[in-house]
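Asker: Both chains are sitting in their own frames, so use the hints and assemble them into the complex.
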Amino acid sequence: MLLICTQSTAQTVTEEIKTIPQCSAGIIYSLPTGKQQTDTPAPDGKKPFYISHFGSTAAYYLEKVSEYEFPINTMAKADSMNMLTPLGKDVLRRLRFIEEDAIHRTGELTVNGAQQMRELAQEMIDRFPDIFVDGSIIDARSIVRNHCIMSMQEFMTQIARHNASLELRLKSSHSNDSWMYAQDKELEADRFNAETDATYKAFIKANHNFKHLWESLFVSTDYVKEHVDTTQFSDMLFTLASGIQNTPLDGTITLYDIYTPEEIMQHWRLHNAKNYICYGSFELNGGNQPFAQRAPLWNLLHQGDSIKEQDHPVVHLRYSSRGMVMELVCLMELNDFGLKTADLNQLEKQGWANYRIAPFGSSVQVVYYRKDKSDDDILIKVLLNGEEARLPIKTDCAPYYHCEDVKRYYLRKLYAHEKLRFDQKKDKNE
Amino acid sequence: MKTRLFLILFLTSYIIPFKAQPVLDIIKKNPAYAACNYNTYPDSLYKLTPAPKGKHPFYISHYGRHGSRYINNSNGYNIPYAMIMQAETVDELTPVGKKVLSEMKMILQHSEHRWGELAEYGRLQHKWIAQHMMKQFPEVFEGNAWVEAKSTTVPRCIISMGTELNEFAQRYPNLEISQEASKRDMWYMNYQDQVMKRGKLSPDAKKAFDEYVSTRMGNNRLMELIFKNPDIVKEMVNETDFSYYLMKMGLFQLNTHLYKNTFLIDIFHPEELYRLWQIDNALWFAQYANFTPNYGGQYPYTQRHLLRKIINDADSCLHMVRHGAQLRFGHDTVLLPLVCLLGINGYDLRSDNLDEIESKGWWCSDIFPMASSLQFIFYRSSPKDKDILFKVLLNEQEARLPIHTDCAPYYHWRDFRRHYLKKLDSFEKKQKK
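Chains as they are written, first to last, in this note's numbering: chain R, 1 to 430; chain A, 1 to 433.
This is chain A alone, in the form it adopts within the complex (with noise of 0.2 Å):
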């Protein structure tokens, strides 16, 4: 597994113009990309381009998503079970669908006291991620240099923090690190917009988005495949859903320590897994990102007030003579609209078109599989240095900016700071307006 993953992370790094191989292909190799926010993170440590010529990195500004957990409730694992029980009651499964049932007794036992945990997996990845960030970038840790790490005050976030934490305090015992998970800073880690998140999308993307969807739904095969008779069966179990419920079953258990356990991945057919993503990847992008019918396309915005803080807490570093970070943990809800907002690797995409989305590489399982982050790694050539640059890892790997630079994959501070604070103050002036 690990190798596959390592294999698809590579090929699928580029930024979107350049990605290399059909979202089919990559789920062929690995099943997991489907899941989208349930994609897991592999241990990679990535090529990076050398410091630039005289400056060192001396400070990390970071978001990060805790690592691989369990799905929140049982809800989604319900809906499945419920009609293959029901099914099962009238003697209608065939030989694989009476495993199918066993399967799903099986995880749903086994997260039961568990929804919404961190995964071992997940504390694994986020060990992974310490890991390589010394070995990019030691003198940010280095001599009596800092860490200041925040977490939303949902425990999967804050174990992730701390699972971090002890990798820098292991290799580095005298860094000075302080750490919280604290209600009074919910206002920027995880900020939700309420109008938004309650209405989920307005009518007219709703509209889109059920058009979208309508072609690419159902799964007779699956149908035949379980039940012994699909057409008796069809009064009983809801065939959308179930296929759509019963695959996500299976790739979130990838997160878990079922993950050897593929079985339930293995009875559906790639361009199936990938149908599923497609309905996903268009579901994230109009709710979470520029899908204009989606109240103007304006989610990204809901991350302003973290992208302030960002660029505010920056600024108050970027002078001290200690080398240090600022570590925050969330979530993808909160990741992915600052990525659309940032614009990194061209994820700000505009469209009101879903068919779209996709051919323009807007593929959502690149920016927050579980224990997602970005990173900003700042350089200077000393405390006085007045030309400050940075560059921006998207899942540990260099990404683009939708601005000028002369030194990319660099960027000079200043005109960052130009820039986006140019751009939330006219967002704001509007919203006054």
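With the rest of the complex left out, here is chain R (with noise of 0.2 Å):
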């Protein structure tokens, strides 16, 4: 099944949600393969020599056993006390297939994972097939953990098929965290403050309305009332229907029949807001969220100068977590996804959706383009899972950028929220 949410169809996410409801899984959802991309021509007979690429992990198993017992516990209690409908029942049994195939496989990556990566590395061959040539050097570091390394591992295994003559590096080690696993605890700790929670608690309370869905699963709403914690079962029973897409199950079992297009767009709104909070510019907590990212971003823009002299192609893949894409894409301002609102609900309205940033199998490709070693003029192209992107830079050949107006916008970028936070840290110290 070829399940493609992408910005380019120009729907709203209502439209595209409705089409195909696995988008409303968010960073759940797995990027597509298969879609045939279209590359316009460079400029002037340049061709591409190096590509960088921060990617995500492919599809997953939930992390935790909990995440599969929960929704499973809640609803065999009900049962054992006759609370199950002949629907709920069902949904039960559907539940427990789920988690049989999850059995000692959680936070691993899927099948179906694996074979997404192999698909999207030979995509990313046959696209640009003048980089994977005799000599090139591709070299891939995942984070250090295992459903990462494995989907590096998939990715390489299909380019290792392409070439014999490939230098072929694998990685994954802790000290490369503080630039492919980036973390700030001074920005974590601002996520939530006051302001940011009760937003978020007003958005829940208008997004949380699954009296039907109470209604068709249990036969008494007394009893859910009563037994049923329904914020954090509705939120994992969903994480489970999201979650079938990513495994063998999916074409057999599904349990988005189970609820009405608007309680499936009213879990994605509750996500979606909450990966723009943590991820995303959200005003209301400074909105520089994303500048956890500055260390990739500076790493990118580094390593692209480094290449230059190189004398094969090289490839540089990095695997990190879907937070890190999201939070890189928004720092990088691609195709608008650096979004300023305090308003929640401008998400939706202005096409800052999840799914579209982030899904299973995400990336930042920067392709960097140039006639021979001595051209001074470097052209980048960003593709954003696989479609070329639009930077908020000028450009005379778009969708490619000079590299010099690139490195020259970022790097402005980051200084000045250096400074801010030196401007910040000053003023505690006074």
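Keep in mind that the hints were calculated from the coordinates and are not lab data. Where is the CB? At the ideal position from N, CA and C, for every residue including glycine. One or more hints might be untrue.
Below 16 Å or equal to it, Euclidean Cα-Cα: the simulated EDC-like pairs (lysine to aspartate or glutamate) are [claimed, not checked]:
#1 R:K171 / A:E120
#2 A:K183 / R:E108
#3 A:K183 / R:D372
#4 R:K47 / R:D372
Facing chain A, according to a computed beta carbon distance under 7 Å, are these residues of chain R, among others [claimed, not checked]:
#5 T19
#6 E100
#7 H104
#8 N146
#9 M156
#10 S175
#11 P248
#12 L249
#13 I253
Answerer: This is the structure:
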């Protein structure tokens, strides 16, 4: 099944999720493969010579056993008291299938995820044949999380098939955490400040009307009121519904049938808003969360410089978490995802949708172009999840940008943030 | 280093009764040998016996250890470091002592954020092994062959697996490859007996080990080399532990990219490294092999699940038309008892006397260096062949099994099955009783 949620279709979020409910999974949605990408020809006969890729893991099972057990236990308890409707009983049966598939696999890459990585690798090879030639260096690194390491390896094994003369490197080390798994405790501490917390709670209240769901699963709403932690249960049940697409059960079992389209939208809205608060430029918590990824952006800019002298094409593949990818996309303001607002309702209206930014298998790929080694006017284009992306920078050759302009823009942005932090610290000390 | 390692490996490649030179001589030429499970793995392509007449290799079953890695945590390093730091604060270090301290600082700094991780050298070892495998047994990988790889869930094992698979994929692009690192397989990929592991050594075994160790620990010469007034320093430095852990610190570096810096190893005499080897060799034997005072010497049976899995997996592959390999990536604490359980090269030696294991050739450094592996190479004339032969490679060299054969180093698979399944059944029957 080809499930494609992309902005380029110019659909609204509501239309997109209505057509493909899997998109409502947000960052649990799996980036589809097999889409024919069109590349704008590079100006002046320039050719790609370097790809810097910062991507997320492919699909994996939920991390904790409790994420499977809690909804099942909630329903099993109701069942033991004859409080489930026939649909409720059937849902419990489906949940047990889901749990069985995940036993002893929590947090591990799924076969669907492995397949996705192999296909994405093949798409990269097919799209950039000039890069994957004899002597090219393909240097892959992953954060020290097993599903990330396995994602990297599936990707690399596919690349390995392509050419026996590629130089392949694999690494996964905590010594790279500072720029591959960058976390900023100070920014994190601000995420849910009092104002944000109150705003998000109000947003939850406005998007948490699941009366229909309770009535269809349980025989008594009184029972639900008394015995079910509805906030946690509905959230976890929807997470299980979202995750099916990433497992071998995809196409065999679904849980989307138990929801109305509006319920699906409400669940998505809640997760999307939370992702925006944590990783986006939400004004109420300072709008600076994406700066947590300043180290990967530094790295990306500087690596580009060091590659210029290489005789062979180079690919840097970095595998990190979806949160990191999302922050990086927002920091780079790709496709206007740097959106700054204090109104969570604006996200849907302005197309800030988590599944468009950092689903499983997502990536930011910066592709460098030049005529030859003597060419000083290096151009870059950025692919967000495989599609040519828009940068907040002036250019005369979109979707290509002059490398120097790009560097200057982002360096100024990073330096301005450093100054802000410096000033804040100074104020604190005074 | 490479030439030296090759020479050593060549000289030590013989089965137990024919070990060509004493351990001390080996250590003189290759100090890494003293590191036991931190022994480094060489890039050596060994000469193997040609395939049995009319048969060809078609299936490989493998259990291998991850490649060279950093030490798992800083505990072992912190012990000598804390001691020497104290001596430094009271100005008790000689010039050599000061240099030792600076080396230790560098090693600690370099190891930070890398504890337990695969080193670059470890990745290289797996490239070599994959290349050797393809060179020695190309028939296994040609045509529409398959490779199924499994790793424990430990990152250094996963990367070791990925490195080998990439080599295969580059050479054989059409190879069907699957790779997995799942908790689902841990019951046989990394089974550790909780009772024996928790208890480590039984009281009797501990007593015997302590006696064995008592004459081999300590190092007055080192104390005088490093400290100005060893008598004063003894107030703050435990000579035994300081010497033991400092030697380890030096030896472990041979696995990392600091391998060229042998300063810390060079301050030790070969005889001192040899005594360290004796202590560790005895400990590995007492804990993981057939040391009878330690729970009756039953530890190798902890790998019964793995052995059954290897047998069952082979049974299901032997008559497949397609050729292929099953590769498993795990740990020394699995490989060592497995080798002992199988009795490869006489490593099923049963003994209650730690003083005799060295003279009887039970040398753990030959069994489980970094990237060590056990490979079963299967041969047949056709998928219908009823007399399937195989040979075992321990660290890529042909090895001997304690079962009868008329075509050594090859063995009849049916004989192997019968012998080991009976052995496992008999152990499990006794356990039930």
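Asker: Evaluate each hint against the coordinates.
Answerer: We went through each hint and held it up to the structure:
Proximity of K171 of chain R to E120 of chain A is assessed by CA-CA distance (about 8 Å); at most 16 Å being required, the pair is judged to hold. At most 16 Å may separate the alpha-carbon atoms for a hinted pair to count; K183 of chain A and E108 of chain R meet this at roughly 9 Å. Proposed proximity of K183 of chain A and D372 of chain R is contradicted: the alpha carbons are some 49 Å apart, above 16 Å. For the suggested pair K47 of chain R and D372 of chain R, the alpha carbons sit about 8 Å apart, so the restraint of at most 16 Å is met.
Proximity of T19 of chain R to chain A is violated relative to the hint, the smallest CB-CB distance being about 34 Å (cut-off 7 Å). Given the 7 Å rule on beta carbons, the hint for E100 of chain R is violated: about 12 Å separates it from the nearest Cβ of chain A. Checking H104 of chain R against chain A by beta carbon gives a least distance of about 4 Å; that is within 7 Å, so the hint holds. The closest approach between the C-beta of N146 of chain R and any C-beta of chain A is roughly 6 Å, which is under the 7 Å cut-off, so the hint is satisfied.
Given hint, M156 of chain R at the interface with chain A, holds; its Cβ is 6 Å from that chain's nearest Cβ, closer than 7 Å. With a least beta-carbon distance of about 4 Å to chain A, the hint placing S175 of chain R at the interface is held under the 7 Å criterion. Interface restraint check: P248 of chain R against chain A, minimum CB-CB distance 13 Å, threshold 7 Å, status violated. Taken as an interface hint, L249 of chain R does not check out: its beta carbon lies about 16 Å from the nearest beta carbon of chain A, beyond 7 Å.
The closest approach between the C-beta of I253 of chain R and any C-beta of chain A is roughly 20 Å, which is over the 7 Å cut-off, so the hint fails.
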